[in-house]
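K.L.:
The lines below spell out each chain.
Number of protein chains: 2
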Amino acid sequence: MVATIVGTGLIGGSLAISMKEKGVVNWIIGVDQREENLQKAQELKIIDEGVSSIKDAMQRSKLIILAIPVDALLQILPSVMDNAGPEHVIMDVGSTKEKILQLVAGHPNRGRFVAAHPMAGTEYSGPEAAIKNLFTQKTMVLCDVKNSDEDALEVVENMVDKLQMRLVYMNAVEHDLHTAYISHISHITSFALALTVLEKEKEQGRIFELASGGFESTVRLAKSSPDMWVPIFKHNRHNVLDVLDEHINQLQQMKQLLENEDYETFYKLIQKSNKIRKILK
Amino acid sequence: MVATIVGTGLIGGSLAISMKEKGVVNWIIGVDQREENLQKAQELKIIDEGVSSIKDAMQRSKLIILAIPVDALLQILPSVMDNAGPEHVIMDVGSTKEKILQLVAGHPNRGRFVAAHPMAGTEYSGPEAAIKNLFTQKTMVLCDVKNSDEDALEVVENMVDKLQMRLVYMNAVEHDLHTAYISHISHITSFALALTVLEKEKEQGRIFELASGGFESTVRLAKSSPDMWVPIFKHNRHNVLDVLDEHINQLQQMKQLLENEDYETFYKLIQKSNKIRKILK
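So the sequences go chain by chain: A and B.
Quick note: the first sequence uses the UniProt record's numbering, first residue 1, plus one each step.
Quick note: the second sequence uses the UniProt record's numbering, first residue 1, plus one each step.
Bound-form chain A, shown alone (with noise of 0.2 Å):
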């Protein structure tokens, strides 16, 4: 099978690699509006050509992932689908979903069209950051897919078994909502934390003289791209205000206990955190 990949960064590249791997696909094209990326792809061996127009690649490719942040998918995904035959699969790795597929909705080819979204990724961006395995044992989401051709469905399927994915079938709206709460919100507070840190180093140069791994844990999604969360949170941005103002809140009720001395209270609230413990291994 020949795939094209729409975005060879962290995601796209790391696809590529996988899929050729496990013998998923043979060919691998890929297609990027950043010359540079593309060479350095190629150079990477992380695609076997690449090429400028989506369109001619589409028309030597079955299987096509769209690998780039959610405001440009949202550009060119109605190109896509109007050129997309009964014999192309359309993929996304989208990190939000119900723009997505309030786009496609109605759409022709709507059955051609299958939405995904791999719970995996780094705080790195690029062809570089691409590495194997990055997939494996982890969880691919696959959104309101009884609006998904059969076959179309059965290509991404055998890709993500292939691949030694997870696979979790949810709506959009669910999807939405709960990666706000387990992925973006993770963003955030690290992008903010980052920020608190950054400025008072301004005053205090030697405040970083100290960290060690659990500051290092809880910022390091901070060095991720505003190209790729930008556009996440504004295509999520109900879901996201909802819990970042229910984190608020916590923090809010942390300093009040803190302003008040009550430790007492403030020692339940932190026992009831560790519950933690049930989900992270």
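Derived from the structure by calculation, the hints contain no laboratory data.
Some hints here could point you the wrong way.
For chains that are exact copies, the list does not tell them apart, and a pair is met inside one copy or across any two.
What the hints assert, rightly or not - Okay, derived cross-link-like pairs now, DSS-like style, lysine-lysine, Cα gap no bigger than 25 Å in a straight line: (1) Lys162 - Lys200; (2) Lys146 - Lys278; (3) Lys200 - Lys278; (4) Lys200 - Lys138; (5) Lys200 - Lys255; (6) Lys223 - Lys234; (7) Lys55 - Lys162.
These figures come from a predicted structure and were not determined experimentally.
Once you have looked at the hints, place chain B on chain A.
P.N.:
Chain B only, in chain A's frame:
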């Protein structure tokens, strides 16, 4: 050299393992309020013997390391100092320093005390959590060393050197401010994030199905023990409230930008937070 370690948990236990391995000491007496910890530490060969009285242990030890939560430390430190002779070196490993150093200020044996804080740990506790090499290549902060006797300081510096730790000198006021920013706030955000998501799980059972590395990274510190952390927040209350205030402000600013759909400023904020790359490896 014979050492007594009071508190045979994560930090005390890991220190015991490393000090023995690196030849800093050849016999370790463990003291722990919890009989089961003492037994476990002996089973795991972290300590050579366990005794219940600090006074007895001190009579046979040169180095006494106090590795217990800061509130318990403040309680026992006066009597430990009273029992100290010129042959003793008393060292703590507490995460806050101002209150501890205020307590010993002016004590006739003040010179025998060295205030230390190893910037290393994990979210786990107890003797089972003790690990080899926890401190290798990590930072050891020594506070207000001008008030320690030269020979006592040398014993600790020699240990730090043999443990292959990086040495940083700081006064207690700076220490408590800096740790609020690069350690204590990370724990508060993790506790709050865990609570936010655990609350949501009650309505949305499947929410953790999508959790991946990013979520785990920002929330893992929420597994930390309230026995250790409530006393830290209590004894560094002033600084923790300051940084918590600033962090809440940063989050509120982001919330407002999202509400106003000012994605351009949001983008710039993320770019600014990306400067954390220069700090983290």
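K.L.:
Any hints this thing doesn't respect? Which numbers, in order?
P.N.:
The structure breaks hints 1, 2, 7; every other hint is satisfied.
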